[in-house]
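Keeping their order, the protein sequence lines are chains P, Y and U.
Each residue of the first sequence is one higher than the last, beginning at 1 in the numbering used here.
Each residue of the second sequence is one higher than the last, beginning at 1 in the numbering used here.
Each residue of the third sequence is one higher than the last, beginning at 1 in the numbering used here.
Some clues are possibly wrong.
To be verified - What follows is a list of derived Cβ distance ranges for each label pair:
| # | chain 1 | residue 1 | chain 2 | residue 2 | range |
| --- | --- | --- | --- | --- | --- |
| 1 | U | V244 | P | P76 | 45 to 55 Å |
| 2 | U | S151 | P | A267 | 40 to 50 Å |
| 3 | P | L284 | U | F35 | 37 to 47 Å |
| 4 | Y | S147 | U | V244 | 22 to 32 Å |
Unchecked claim - Negatives, chain U to chain Y, calculated, CB over 10 Å:
| # | residue |
| --- | --- |
| 5 | I8 |
| 6 | L45 |
| 7 | V99 |
| 8 | T146 |
Stated by the list, open to error - Okay, derived cross-link-like pairs now, SDA-like style, lysine to any residue, Cα gap no bigger than 20 Å in a straight line:
| # | chain 1 | residue 1 | chain 2 | residue 2 |
| --- | --- | --- | --- | --- |
| 9 | Y | K140 | U | R246 |
| 10 | P | K68 | U | W116 |
| 11 | Y | K140 | U | P250 |
| 12 | P | K54 | U | G118 |
| 13 | Y | K140 | U | I249 |
| 14 | P | K54 | P | P40 |
| 15 | Y | K140 | U | W251 |
| 16 | P | K202 | P | M189 |
| 17 | Y | K140 | U | R169 |
Just so you know, these hints were derived from the structure itself, not from any lab.
This structure is a prediction, so every number in the text was calculated from the model and none was measured.
In this text, a Cβ means the ideal position worked out from N, Cα and C, and glycines have one as well.
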Amino acid sequence: MLRSPERPRRTLLRRVVSFVVFIVAVLVVWEAFKLLAGDPIFVNHEKVWDPPLKVWLASDVNLPHVWKIWSRTMAPVTSGADESLGGYLIGQAVFTMRESLTGFVIGALLGIALATLFVHFRMIERAFVPYVVASQTIPIIALAPLIMFFTGHNVSSVIIIATYLCFFPVTIAMLRGLRSPDPRALELMRSYAASRRSVLWKLRFPASLPYLFTALKITATASVVGAIVGEGPGGMQEGLGRALMFFSQQYAISPEKLWASIFVTAALGILFYLAVVGAEQWVLRGRPQATFG
Amino acid sequence: MTTSPTGLGAPVVSLKGVGKTFGAAAAPVVALADINLQIGEGEFVSLIGPSGCGKSTLLRLIGDLTDATAGTVEINGKPARQARLDRDYGIVFQSPVLFEWRTVEDNVRLPLELFGHDRASQTARAQEMLELVGLTEFAKRHPYELSGGMQQRVAIARALAFSPSLLLMDEPFGALDEMTRERMNSEVLSIWERTGITVVFVTHSIPEAVFLSSRVAVMSARPGRITRLVDVDLPRPRGLETRESPRYFNLITEVREALRGSEGGSTEATLASPERTAAEGGVG
Amino acid sequence: MQALRRNIPALLILGAILVGLEVFVRAANVKSFIFPAPSAVWAALVANWNEGYRIFPAARVTLTEAAGGLALGTAMGLIVAFAVSRFPRSRDTILPLAVAINAIPIVAFAPIANNWFGILSPYSKMAVAGSLVFFPIMINVLRGLTDVDPSALELMRSYGASPGAVTWRLRVPNALPYFLTGLKVATTLSLIGAVVGEYFGGLTDTLGRVVVGAASALRFDITWSAILVVALAGMGMYLLAVAVERVLIPWHPSVRGDQPA
Chain P
1 MLRSPERPRR TLLRRVVSFV VFIVAVLVVW EAFKLLAGDP IFVNHEKVWD PPLKVWLASD
61 VNLPHVWKIW SRTMAPVTSG ADESLGGYLI GQAVFTMRES LTGFVIGALL GIALATLFVH
121 FRMIERAFVP YVVASQTIPI IALAPLIMFF TGHNVSSVII IATYLCFFPV TIAMLRGLRS
181 PDPRALELMR SYAASRRSVL WKLRFPASLP YLFTALKITA TASVVGAIVG EGPGGMQEGL
241 GRALMFFSQQ YAISPEKLWA SIFVTAALGI LFYLAVVGAE QWVLRGRPQA TFG
Chain Y
1 MTTSPTGLGA PVVSLKGVGK TFGAAAAPVV ALADINLQIG EGEFVSLIGP SGCGKSTLLR
61 LIGDLTDATA GTVEINGKPA RQARLDRDYG IVFQSPVLFE WRTVEDNVRL PLELFGHDRA
121 SQTARAQEML ELVGLTEFAK RHPYELSGGM QQRVAIARAL AFSPSLLLMD EPFGALDEMT
181 RERMNSEVLS IWERTGITVV FVTHSIPEAV FLSSRVAVMS ARPGRITRLV DVDLPRPRGL
241 ETRESPRYFN LITEVREALR GSEGGSTEAT LASPERTAAE GGVG
Chain U
1 MQALRRNIPA LLILGAILVG LEVFVRAANV KSFIFPAPSA VWAALVANWN EGYRIFPAAR
61 VTLTEAAGGL ALGTAMGLIV AFAVSRFPRS RDTILPLAVA INAIPIVAFA PIANNWFGIL
121 SPYSKMAVAG SLVFFPIMIN VLRGLTDVDP SALELMRSYG ASPGAVTWRL RVPNALPYFL
181 TGLKVATTLS LIGAVVGEYF GGLTDTLGRV VVGAASALRF DITWSAILVV ALAGMGMYLL
241 AVAVERVLIP WHPSVRGDQP A
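Bound conformation, chain P alone:
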């Protein structure tokens, strides 16, 4: 039966509203915590509020006021610089995004190709799949510094890290997806004397798409994490990872800078994820869908 088109739209609206409400709630709790247990508030060097409690986590160093983070974001990145901190961070985010997106795409394509190979050649599957599965149980991100030092501290090493973080989950999900068609559907294709290639294109690939997107939603985040770890501890001179590392060292003087970097990183992760969700909604339109996740 056809569903009225207003329903998904209303769901979307509710999601957006709930997200906005959540962010506002976090900021309110944040400031309320500071009012209750933070440092005294001064206006024009005059103490206007002295919180009744003292909690170390709520101090101005550990948890700066939201408005101070905002005004710091609008201020120049370093004294006298033309660029604002916000502008600088967005530039770094674009840099990181390029790396993680490249890694994401290459990793996904590799994963799809390998899974397709595995489905058709049982021996290859049995030789390699145990390692792909085992890779899910080990923190392969531990390899990041090694790759940075091994291939040089450049963009391509960061892309390699992002790629292999995406590659493993996509391979596993894709293998499952390619195997997911109903045996009767395969028998139907057999009754048509369909070639392996048509079975792949007309049945296995379309059936695997929901599985693929489930993996892509995970790897969207993983690729950003990979890029950040590659850039920061890996010692790149650009990118959000580097900003996190660098501003972390200035934390005692200017904690707002690190907080601003974290917010930009969080926004990048969520935007990447939402882009994949949007693509999923479009590609899988008309199919019965899980409600979330």
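Got chain P; can you put chains Y and U on it based on the hints?
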């Protein structure tokens, strides 16, 4: 109000002017309207009708699993809610609804645990019930190790474990194949004869309704009403001969015609498909 | 036995790769600071087990951090999931929200944790690991507590069961497989949290610092041996979670093996 003990001949189930309306006040969907039915002690009554006629909703009203929007529902002379809290009835759904983390025996034991019976009597009662449905040797197995028919027998054992006076069954054998279904029908009848329990049985299948029941309530859709009550006077105990007797076929024809008359169309209740359920639900 | 036979091709490949690498590195005389031979990695592991880079004490600290984070994140995840499940109507709002927030690269929080709890303190790493662990546990348990067969709820209602009885006899057992699925993911995540937290700075005697320190000293043999220990620790924790699963839910399809993994 005071709960009076069941008087002799007093109805176990008493429905007076019962109605059920779903949805917003602006666009109400009338699922059931003006249902009147008295079911006496020891009766076996089937509710049959096309998909979407509200027969499962009616069963849930009797069990106080949903609220009536009109009329009164009384079980053993008490409001349905009080009867539920007094554990007056056991229920069996279309799917067995066994807890997969419990063994067969522990599933049967579940209501007894909830009602605070002591452990020894729980075990004794559960074993007794499994004997009743012929599953003694499967007591320690988990549900997944049993076939669909066996799982449904566990569900029946669970429903009877605390000796309720009323058994509600919601298309319990709808998912089983015809042969298993007929065997289960005979088993239900034998349990009914041995325990003397009152049964309300929802079904899609005309032969099943006729074979089992002392009375068949034929329902129509949109809104759901009871259009006809067919007395089934087939001799008991019923068995293979019953299914081959001319009277049986006559009664099947009678119920079928009653259904057709109530439908005003040619909908075969037994052929109603899930798709049709969805479509009809949308129209209403 | 059958599992062993199934994995023969995989084991053969592993052997071939190790032998191939060893032969190649020796024959081509590849320098250890470019690419170490498998035997060199093993030798480095043995030599630095308790002295030099002190891999064993480092592993103990890192595993403590991971375990602490796992315990912390699991406890928080369980508490929040139970709290939210009390309000079934808010679940449909909170679950997608939690899934979206989980898309935040939480490791970015590592520098803040280092500043909050002290860069040398294990608690800063536990905080990162705990934040990573929190989401899969919370999301899975919340799903498990609320994705209950409606007929099972009707059954409990027909018994006039109290809300407590519904929770303990139906919702909690129903959530158990979901929880263990989350826990398996969480074991790996806790180790990632600890190691990545260390990458952003920490005590020398931690696996993360050994990896970074040895790599920057171009001692790739030691880097690889430390990574090997991280990998084995990850697998060990995962297998522990699988063992817990086998004990707790032997009846579940994921343990019975009826369904493909």
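Right, here's what the structure says about each hint:
A beta carbon spacing of about 54 Å between U:V244 and P:P76 agrees with the range 45 to 55 Å that was offered as a hint. A hinted range of 40 to 50 Å holds for the C-beta pair U:S151 and P:A267, which are about 43 Å apart. Distance hint for P:L284 and U:F35: a CB-CB separation of about 44 Å, consistent with the stated range 37 to 47 Å. Separation of Y:S147 from U:V244 is about 31 Å and conforms to the stated range, judged on CB atoms against 22 to 32 Å.
Every CB of chain Y is more than 10 Å from the CB of U:I8 (nearest about 31 Å), matching its label as outside the interface. With a closest Cβ-Cβ approach of about 43 Å to chain Y, U:L45 is found to remain outside the 10 Å limit, as its non-interface label requires. Even its closest Cβ contact with chain Y, about 26 Å, leaves U:V99 beyond 10 Å, as expected for a residue assigned away from the interface. For U:T146, the condition that its CB be more than 10 Å from all CB atoms of chain Y holds, with the nearest at approximately 17 Å.
About 18 Å separates the Cα atoms of Y:K140 and U:R246, which keeps this hinted pair within 20 Å; it holds. Between P:K68 and U:W116 the alpha-carbon distance is near 19 Å, which keeps this suggested pair within the 20 Å criterion. Of the supplied pair hints, the one linking Y:K140 and U:P250 holds, its CA atoms being roughly 13 Å apart against a limit of 20 Å. A threshold of 20 Å between alpha carbons decides the hint, and for P:K54 with U:G118 the separation of about 19 Å falls inside it, so the pair holds.
Under the criterion of a C-alpha separation no larger than 20 Å, the hint pairing Y:K140 with U:I249 is consistent with the structure, at around 15 Å. In summary, the hint linking P:K54 to P:P40 is supported, as the alpha carbons are separated by about 10 Å, within the 20 Å threshold. Between Y:K140 and U:W251 the CA atoms are separated by roughly 12 Å; this keeps the pair inside 20 Å, and the hint holds. For the hint linking P:K202 to P:M189, the alpha-carbon distance of about 9 Å falls within 20 Å, and the restraint holds.
Restraint check: the Cα-Cα separation between Y:K140 and U:R169 comes to about 19 Å, which is no more than 20 Å; the hinted pair holds.
When the structure is compared with the earlier hints, no violation turns up for any of them.
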